[in-house]
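Residues per chain, in single letters:
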Amino acid sequence: MYININNLSFAYGSKAIISNLSLTINKGDYLVIRGKNGAGKSTFIKCLLGFNPVKSGMILYDEVDVIDFTEWTRFGYVSQSFDDFNYEFPLTVGELLSISSLKNTLESERLKFLEKMGIFEIINQNINSLSGGQLQRVFIVRAMLNKPDVLILDEPTASIDKQNKEFFYSTIEDLHQEGLTIILISHNDDIEYLNYSHILTMYSDLTTSFEERGVEVKEGIL
Amino acid sequence: MFLTFITDLFQQDFMLRALIAGIMLGILAPLLGTFVVVRRLSFIADTLGHFSLVGISVSLFLSSVGITIFFERPLYLGIIFSIVGGLLIELFRRSYTNYKEISMVIVISLGAALSAIFFSLSKKTGSLYNYLFGSILTVTNYYIVLILITAFIVALLFILYGKQILAVSFDETNAKFLGINVNLFQFVFIIMLSIVVSVLLESAGVLLISSMMVIPVAAAMKLGWSYKSTLIISIIFSELSVFFGLWLAYSLRIPSGAAIVSINVIILLAIAISKRLKQKIRISKLDKMQ
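Chains as they are written, first to last, in our numbering: chain Z, 1 to 222; chain C, 1 to 290.
Looking at chain Z on its own, in the form it has when it is part of the complex (with noise of 0.2 Å):
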């Protein structure tokens, strides 16, 4: 899928958050979206996936504006905190996946990679149950499950610890490599683990740069 943001500009109310940001994403791109907090890392991506309603500027999916865009099976999202999940009913990895799967059954592909991320083992396990690491894992293989051809990270490894955080990134470059969009928003701690193919820094004063791994700033601050 093609990504083009044109021009993006938002608000909330009077506080201007994002102004006049442009970039392109293309199939198979790796984007890391740093800044410290508040720069407007979690409302891009808001944006991006419709959840923040976009009125200045354009976001376009394969030419297919934003506001009329349907295909969101298309996208695999794990948010920062998921807050909006219900963690405390009883509820087992298994049942989470199941309600998640477009298809009643799980194909062997999507099997294997159930096997790789470790959810086997705990796919009878209570949600509630599990420890940080493990339910990032979860919210991963829930992303993945419908084959989405971008899949967006917030934060996902606020809650992990370093030795989780090295198996977490090695496997969002294995999901890399095998053609899948990749945009991740990380803290600036991590980016030696991570095997990006373009940046996006945004600053607290609304200033942004972009840059292709290797080359020089691209579009430089704006």
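Treat each hint with caution, since some may be false.
As the list claims (entries may be wrong) - Distance condition first, Cα-Cα at most 30 Å in a straight line; then the derived DSBU-like pairs of lysine-lysine:
{"#": "1", "chain 1": "C", "residue 1": "Lys100", "chain 2": "Z", "residue 2": "Lys55"}
{"#": "2", "chain 1": "C", "residue 1": "Lys100", "chain 2": "Z", "residue 2": "Lys147"}
{"#": "3", "chain 1": "Z", "residue 1": "Lys116", "chain 2": "C", "residue 2": "Lys176"}
{"#": "4", "chain 1": "Z", "residue 1": "Lys147", "chain 2": "C", "residue 2": "Lys163"}
Claimed, not checked - Which bits of chain C does chain Z cover? Going by a derived footprint, with three or more residues having C-beta under 8 Å, they are:
{"#": "5", "segment": "172-184"}
{"#": "6", "segment": "271-277"}
As the list claims (entries may be wrong) - Anything over 10 Å on all C-beta distances counts as not near chain Z; from chain C, calculated:
{"#": "7", "residue": "Met15"}
{"#": "8", "residue": "Phe92"}
{"#": "9", "residue": "Ala167"}
{"#": "10", "residue": "Tyr227"}
Don't read these hints as lab results, they were simulated from the structure.
The beta-carbon is built from N, C-alpha and C at its ideal position, and this holds for glycine as well.
Dock chain C against the given chain Z, drawing on the hints supplied.
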């Protein structure tokens, strides 16, 4: 006394009707109750019940001024008003996204106020008691048909869309990426809930319907290890409450709804206390080992 109850259950028509209505109530209430609890909308049945009561009070008011079209079946207007109440909840919920309970307080207050006004205007406040507390022992054949049709429709909807309703209930944000039209499912769910609450009103009553939906689920959550097991346990608790509640109501001549809810609460307390005791015993064993 128990044997007389069992004999009468199958020999007396009104008891058999109560048993059938009770079995349906015992399945429908916790089935929808699990979704209501997952979505943290435990007060919604109470709210819809109050708005359904508006429909019933309007029916009585209309018949008092000579419009008798709904006199025989006030439940019809009850269902319509319950749906209106459900839609109002959704409307207010979107204005107060992080304060879902505010929408219910607004609708429940409006429902209570309008019911009081129309009951008063109809001069039939005496019938209010039955609608507030319900009476499963006085249900008619017509009601049995109605509750069976309702159960059939609910079962059909769950067979067709259960997975989607569960996905939206557990994680509204992610449902979009499963290709689910979240707004449509919210709409279908609220209409289904409104109809079920209105139908159950006659047997369970406005004030007790919510407890019949939520308490068996709350008890089952303490024992369940998965969604499926929690649902099955909650239905078992609910059916046990209906059966023993009917027995108590029949034997002691007390309101059936109150008896059923009391048994529900006793089960919940017994489980909560036994779990606590079990935990304490385990901790003391660990302390001794150290």
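Here's how the hints hold up against the structure:
no.	hint	verdict
1	Lys100(C) / Lys55(Z)	27 Å, holds
2	Lys100(C) / Lys147(Z)	34 Å, violated
3	Lys116(Z) / Lys176(C)	26 Å, holds
4	Lys147(Z) / Lys163(C)	19 Å, holds
5	172-184	holds (count 7)
6	271-277	violated (count 0)
7	Met15	36 Å, holds
8	Phe92	19 Å, holds
9	Ala167	5 Å, violated
10	Tyr227	5 Å, violated
In terms of the numbered hints stated before, the structure departs from hints 2, 6, 9, 10, listed from lowest to highest.
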